[in-house]
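Protein chains in written order, with numbering that gives the first Met the number 0: chain A, 0 to 640; chain H, 0 to 342; chain D, 0 to 313.
Hints are computed from structural coordinates only; laboratory data are not their basis.
Computed from a predicted structure; not experimentally measured.
From the three backbone atoms N, C-alpha and C, an ideal C-beta is built for every residue, glycine too.
Short derived list, chain A residues pointing at chain H, Cβ under 10 Å: (1) D191; (2) P201; (3) Q506; (4) A531; (5) I536; (6) C537; (7) F558; (8) L569; (9) A572; (10) S577; (11) P584; (12) T585; (13) R592.
Take a look at the letters that make up each chain.
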Amino acid sequence: MTIKSDNLSGAVRHRARWRPNGAQIITGMATGFLVLLAFLAVFADWVSPYDPLRQNLMEALQGPSAAHWLGTDDLGRDVLSRLIHGCRIAAIAAAEATTIAVLLGVPIGLFIGYRGGMWDWVVMRIVEAVVSIPGIMVAIVIIAILGAGLHRAMIALGILFSTSFLRLARGVVLAEREEVYVRSARVVGASDNRILIRHIFPNIAPPLIVQVTLTVGAVLLAEAGLSFIGLGVQPPQASWGTMLNTAAAFMDFNWFLSVPPGVAIILTVLSVNLLGDVLRDSIGRGIAVAVTPDKPAQRFAPEPVAAEPVSLARRADEILRVENLQVMVPARSGGEVPVITDLSLSIARGETLGLVGESGSGKTLTGLAILGLLATGVRTTHGSIMLNGRDLRELTRHQMEQVRGNEAAMVFQDPTTSLNPAFTVGSQISEVLRMKQSLTRKQAWNRTVELIDRVGIPRPEERARAYPHELSGGMAQRVAIARALSCNPSLLIADEPTTALDVTVQQEILDLFRDLQAEFGMAILFVTHDLAVAADICDRIAVMYAGEMVEMADVDPLFAEPRHPYTSGLLSAMPHASDRMPPLPTIRGNVPRPGDWPVGCRFSDRCDYKIAACDARIPLVGTERQVRCIRACEFGMEAAS
Amino acid sequence: MTDNPLLEITDLQVTYSGRSLFGFGGKQFHAVKGATLSIRAGETLGLVGESGSGKSSIANAVLGLVKASSGSIRFGDVELASLKTRYPPAIRSQIQAVFQDPYSSLNPSMTVEAIVTEPLRVHTSMDRAERRARAVELLKLVSLSEEHLDRHPHQFSGGQRQRIAIASALALQPKLIVLDEPVSALDVSTQNQIINLLYERRAEFGIAYLMIAHDLALVHHISDRIAVMYLGHVVEEGPSDRVYHAPAHPYTRALLDAVPLLDPQAQRQRRTARKSAPASDAPRLSVSGCPYQNRCPHVMSRCRSEMPPAYAIDGGGTASCFLHATETCDTVRTAKDKESVVS
Amino acid sequence: MLKLIVQRLLALLPLLFIVSVLTFSFTSLLPSDPVDLIIGDTGTEEQYEIVRERLGLNEPIHLRYLQWLGRAVQGDLGSSFFNSVSVMGAVMQRLPVTLSLTAMSALIAIVIGVAAGVAAALRPRSWVDRFATIGATFGQAVPNFWFGLILVAIFAVNLRWFPATGFTPLTESPWEWLRSVILPSIALGTSSSAAIARQVRSAMVGVLQQDYIRAARAQGLSTRRIIFRHALTNALVPVVAVLSFQITVLLGGALIVEQVFAINGLGTLAIAAVRQQDIPLLQGLVLVMVGLVVLVQLATDIIYGLLNPKARPS
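Generate coordinates for the entire structure from the input sequences, incorporating the hints supplied.
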């Protein structure tokens, strides 16, 4: 997993987020409303037009009027004034209860999370017990002990909501203490307190802030609820909850009484929750920092690269022919960035083509693009993908579903995540057979057991009933291969199928691919970062670098005589390429991220053979054997030695 | 180099206990079942094995991150395995580590300066300016520069992050650095940069490395000695070249043979030759005898009942395999005996 | 299956034990002396001692706990301090009312929540998603009892479609029962449906990005099958895990919403008990509610085990 997607993530990962401008508007409105509330709470005595407690029974239960903008209640008190004074109660309530909850919950949560053992067990059982009683009932019981009233009710709510802070703090500690950086801190010799405060605590801040906003909202609702049933704020004091209590009693006479306090509660809770949502989205993991400013401005023109004429030789019995493929991904800064440009390749029946490259080279995306499995937002913009004479890019979604599984199938890198954890492995294979081949349940199951047997799994009937997590990585990958081959596809795309496995298991899986190919005769597109694996399994190899193919050749000549400086650099950097002590041969620098590619030869920044002409686009030349380097003929021979 | 080992691990066992319904007791998992290893000052020991072999558990035990359930870990004159509390600062500062995943081993909320100088804050009384000056020196040692000090980890590539982790490990000039798969998460083209860097710093400061890896070829480049683990046992140990070129244990040989050759023709030949080996589908755990018996092509009846002792191998080192049993030295050797064979 | 149920049941035992200890021990935390409450200001020293003896308050606390627990297990929760009515009887009489409300609102919350969550997750950032997200955000901000008031104003007072107050038992007339619980259940279930919709959406979005979904697509399975069989099965796992919490919230909310609709359920009983410091009644209420919650927990645990093979005992 690490090898596959890391470099991409920086420049390319696109977070599904609400329209950024919309979010800003919402944040602004929510913040503005809360500031207004705070202002009203502080200056309630000056702002409100009447004394909230002054009764005037002559004017009871009036609707809105010039004198009383929001009307009067059953005792003729001005609703607007009571509403404004209610802000103060709401502010005090939220602050009090939330503070108590944080001060009580966070330290205990941190402590039991880091300590673990008995303390953790006992405290968590108590928390579970408290949580299993409906919150309002817990509050009622605590109020029974303490007595009714605003402050007592808020202590009750504080105790109640402290359980969520306790669980949050404990959860973060439990997650973070397993992180490698905490292990690093322990190796450095930092004390427990130091690790807790300096290393773990900063990571609690983001979820804690979010939880605070959620709690403020929940406290406001709970306070209103308690006051409504008469256990919170006591009359005649004005709180939104007591106002609703009054309103409920006079619903038949003046239903409008219930509107002002209700709207006040909704808008306040809504504002607080919206702020919480925005905070949750913006403070992800770690501290938000501006995106690296030191990178040169985007060097790659985002418009498509002019398609080269395809010089690739036609092969007899060609199963797959891809021409001028271009794939774009959404960029973080907006717009799109190409990740694969002008890629052409072909595979014949019974042949294995290796697609080799490092992270960010676009090799995995090539496989996904062929099957039309690109993630949302990532799209193929140019080129044709001919499978058995049909262009897959022209097919409808339904036709494409028919192709997948029947004509082309795929095996993924991590077998333990590419099988659905909820179903037995056998049912996942037989499902494909029933859906794609219209076999009956019984036929499908028998065929499934045969297939599981065929991929070398002992006791196939028993294993067919196992769940994915009950199998070792090697076994799970065999199952995934059996599923991919269940409908006898003519093309199999294998995306790093052995990378997650141990070497001795890798060897068995490679043997299995070879045996199955001899039997079924499918063409294989084998995606890997490991040249040695490619040497073992492939007939031909295409080397990719920064979204384009830099070299393609039959396997023997490629290893004997690499023509592109990147290929030869990669070959000599393989751990078992040499037997020497360091310094080992290296390729200087790093793989450039998509969007950061040089305009000319994309390898030129790291190449020892760079000349001025390398700053222009370099074409891929050759038919059987292709290379994208203007100095290929000059240096090819010496570099291979 | 002195004759006294810097780190000496004898009969180390590490056992994890699973949690049961009520949080106590439960099943036990033996990760390391009696490992004996030693590293001299300035030496690199490569510890190789597949997933589940127990190699990372040994690293964690040496670092004091897990408790040894029995056996001894001697660092210089200090017995670490029997320490009831955390390592005393004098020991702690001598043993540092670099972990596998550079994306999670650096605290995302700290700056590079804070990460690199954290050991200095804990162990020295340097003031802020001194620490910053030292941080710049340390970054230079790993080919990074002062401009990187105030950035956060997510602004760096995997290789650069690993350099930062190394800078932090070098801060206290330790005698031993445990490298837990330091390059396996990196691209091939950046792996060797890190290997070269580690090698240069070792030569410069005389640090000893315990390097954990799954790739024998990779370890071979940088190690003086190599130990191979299988299911919690050290099955072979010896000088790097001897283990790599003349593996004595069938498992070491299988491990080497499983890595495809870079020469497709030679690889084809090797493939046809190996076809007969039994599959790894056999149950891996065995109750008694040699841990490798179920996958070994040379298995004998004796392997099923007896645990093979460590036999001395020509060219140095030992292998725990009855294939190397001779009438004269058919005895279990202690760590001392092994040393005499090696030197 | 049986093994799963037994295992989950065993895991819930410590919970019940701790709740019973907590419930019992809060009697000694109450500020007022129950004996004083009963005999009032005019009681003599003698009366005081008699009542104290009758209530068993002279025994050591752990013995009192064991006696109380022993009786509670047999269904005897004591009798109210004030009218000597059996607590169990009083609670059982009101229970069907609150239970009807909770069950109906849970049904509404789950159906609306899951449907909206799935619809939103399938097309992130489409208008369906926006509508659902805005709806969910609003739904979580509206106090359920206020929503109840508004529903009464519109549908009962103005339109007269439903009764404004009161409760008809299911056994009396199923149709009238439905009419009497529908408004309070909508008032109560809305905010929970919003919470469930958010959870379903985020779980579903997460699951749809998993490798096994991509693998199922690579296998050419139909979109509908992938969504409803492969994705939803896994997305419901985290939702079910917190479902019992949502139902607990509904049970609590029912206590308040009952007041809006003047329904004589456990809520009214609880408020009266607090006002009068009626300890046995409060204890009984808490225990019965926890009993309900434990049953719900057991049910969701079993569903969780069915959805998630990793949670099953091996």
